[in-house]
Structure formats: structure tokens, C-alpha cells
Amino acid sequence: MKTNYEGCALCDATWGEYWREIEGQNMFFCCNICADAYENMIGEVKKKTGWEELDYVEITGNYRLGRTCRATKGDSEYKYFFRHENGNITQFEER
Amino acid sequence: MKCTVCNYNSSSMDYADLGGHFIDMASESDADHIMWLNRFITKSKTGRQDLANMLREFFELNESGLKRWIINRFVSNFFSEPPHLFIGAMQSPERKVLLGYVVEHHHFLKQWIKSCAYVIAKTDNEDVQMYEMENIMAEMHGFGSKTPSHHELLLRMGESLGLPRETVLMSEPLPATRKAIELWGNLSRNSHWIEIMAAMHSLELIATRGLEKYGAKYSYFDPAIFQRSDIPNEVKDFLREGYDADASHSDEALNLIEKYSDEYGDIQAIQATFIRSMVAFDSYLNARLERGEQYENEL
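Heads up: the sequence lines are chains A and B, in that order.
Just so it is clear: in the first sequence, position 77 is 77 by this note's numbering, and no numbers are missing.
In this note's numbering, each residue's number is its place in the second sequence (first place is 1) plus 1000.
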């Protein structure tokens, strides 16, 4: 699963040193909250789409305003918006 | 120097010391410190001296002084483009937004008067004490039946929208509200009174009119709401009270803070405590929206 960020997979920050295996891939995050939010977000996408895995996730936005995203699996694409508090998804909408 | 995130407070007046603290916390992947750096300073990992320079710039008062620094930071956080989500929602508020406002703000006000009381207890300056006493009366006690408290107007707003006051009074705050209340309680118990004032009364800027001259792109709500026939009078009464009161409340408080800040001496501590409170307030405003979403289908 590829992402559009080079830093933390959720927020692109390069602070911190937190690693977590998600979808079989060891991913860099700045903190555990970002890792929780990312993992929960991926779970939500899989639930909504029925996909067993994702090829690519593109994220724009931030914690305060929420994040607009695009996930792909093969030729399929799924666009969505989400917000989180302490890593728990508080809003998730297909866009 | 005081940290804007935790209770760290060193006697050093060197920003390199504060920068070192943030780097230490970031290297431990501490979420709160990293989120603060990402939001206010930089998302890119930097060295101690570069970070010290950025922090110095962040806290720089320049010639306009402490009051203006606080207003600028507040306006930038809540009223810039795009605005805080709650401010956006308040431009034409749906019922659920107002319901969330009622419940979470009830808990806010319960803490508010405690913080005001701490200021009274910690100072001998009568102008400050009088200011806080008037504030407590206006927010929670009222001035007789013709001038109910802000809290009473809040409960009436809820009732006009179908939310019984008993439901509000029996409610528990959402986690973000609880966390913010705990912070304000801790700050009130452990900080100098002038820091408490900065932490609490700066928040009244949220409803202050005329912030456009400080760069605000939005006001707390669109005053056209007062002309709308579909909005209950109780909602208008509540909003009008805050609209009228907080304009003078925040200005008077910021003047008092500025007046006594030189006497106190530690300006950076006032700034740091204000920022800590503002970040908690930001999350608390999101809790109002979260509560509204919960109530949308229940009430």
C-alpha cells in the first residue's frame, strides 16, 4: 500500500519515531495517535468498499479541518472524508 | 520558560532550552507535543537551535504588545480562512449544532466560574476582583429575574429546541470537554492569577465583535440570525447576550492582563498558558459539534 506522504503516513510530519505494521507493511508515523487514526481509517475504507486490501491512499487536509482522501484498488477508486479524535474516527463520509 | 503543552517549566530564559524540551518529547513520539509543533511551528524535524529560533519568532511580541499578540493568535486560530469547524457551522446554525452547544457549554460554564473564583482568591487587586465578580454573576447567577444569567439563557435556548434542562444538567461532558475542563482546573489551581485570566478570558474573544480589524474573516455567527423568523426567541436571546457581553468582557480582561503583566514579569509564561488554553478550547468546540451529531437522531 503506497501513500502520498514521505513523513508520517497520516500527517506527513517528520517528527517522532513510531512504527506500526499495517496491512503487512511496516509504516512510519510521528505518534501512536496518527497510527491509530490511519489504521482505523483503512479499516473503515475496507468496510465500505469490500476491498480486502488497498493499493494506494492519498490524503490532504489536517486534524482540525478533517482529511479528504482517495483510495485505489486496481482500477477502482473510492473518495472519502474523515475526522478523528485521539485516533478514533468521529466522521467518515463518502465524497 | 513554560511549555505550551505540558507542565514543563524551566528557569532558563533561553529558547534553546524550550526547543530542547520539544525535541526530547518528539523523539519519544509524544503525540501532544508533536501535534503542537506540526500546527504552530513546523512539521519538519529540525535541530535544537533552529527550533529555538522558530519558537522565539512565535513568541515575539514586537511593539504591539501582549494584548495584540493574544488577539492575533486567537483570530488566526479560529477566524482565518478556513475558519474553525464550529465557527463555520455557526454561520447558519442547524438545530443539532445549537443542541451540542447547550450541553457542552453547560459544563464549560461550571468550570468557568471556578476559574474566575481562583483569580479572585489569588489577587489583591480590586479592579481584577470586581471584574471577576461581575463576570461570575453575569455567567451563572444573573442580576434578578429581568436579567437572567448566561447559563439560564443557555438552558432556555435548549428547551426552545426540545432539549429538557434536566437532560443538560444530568449530562456528562464528552471526552474533549472533560479534558479541557481538567486542564482549566489544573491551570487555575497551579498558575499565577494573571495566567489564569489570560487562559480564560482570552476565550471570550470567540464572541467578540469587530475582530475584522485584526484580520478575522468571520464573526462568531451571522447577526442576520436575529432577523430570522424560524429561529426561536430563546436562541436569539442567548446569542444576543453573549454578543453584547463578551465584546466588553474580553477587552476589559485583556487590558487588565496587559496592565499587570509588567509587574508579573514572566510574559512568556502568560503566552504559553494562553496557548495551552486556546488549544483545549479548540478541541472543546469540536465536542459541541460531536454532541450535536449524537443528538441529531435522538431528539
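Among the hints, erroneous ones may be present.
Once the Cα atoms are required to be at most 27 angstroms apart in a straight line, the calculated DSSO-like pairs of lysine-lysine come out as [as the list claims (entries may be wrong)]: (1) 2(A) <-> 1096(B); (2) 48(A) <-> 1096(B); (3) 1045(B) <-> 2(A).
Derived DEER-like restraints, expressed as beta-carbon distance ranges [stated by the list, open to error]: (4) 88(A) <-> 1140(B): 51 to 57 angstroms; (5) 68(A) <-> 1222(B): 22 to 28 angstroms; (6) 1121(B) <-> 56(A): 55 to 61 angstroms.
Keep in mind the hints are simulated off the structure, nothing from the lab.
Each residue gets a CB set at the ideal place from its N, CA and C atoms; glycine is no exception.
Do the hints match the structure? See the list:
1. 2(A) <-> 1096(B): violated (38 angstroms)
2. 48(A) <-> 1096(B): holds (26 angstroms)
3. 1045(B) <-> 2(A): With Cα atoms ~22 angstroms apart, residue 1045(B) and residue 2(A) stay inside 27 angstroms; holds.
4. 88(A) <-> 1140(B): 51 to 57 angstroms: Once the Cβ atoms are compared, 33 angstroms apart, the range 51 to 57 angstroms for residue 1140(B) and residue 88(A) is violated.
5. 68(A) <-> 1222(B): 22 to 28 angstroms: holds (26 angstroms)
6. 1121(B) <-> 56(A): 55 to 61 angstroms: holds (58 angstroms)
The structure is inconsistent with the numbered hints 1 and 4, although it conforms to all the rest.
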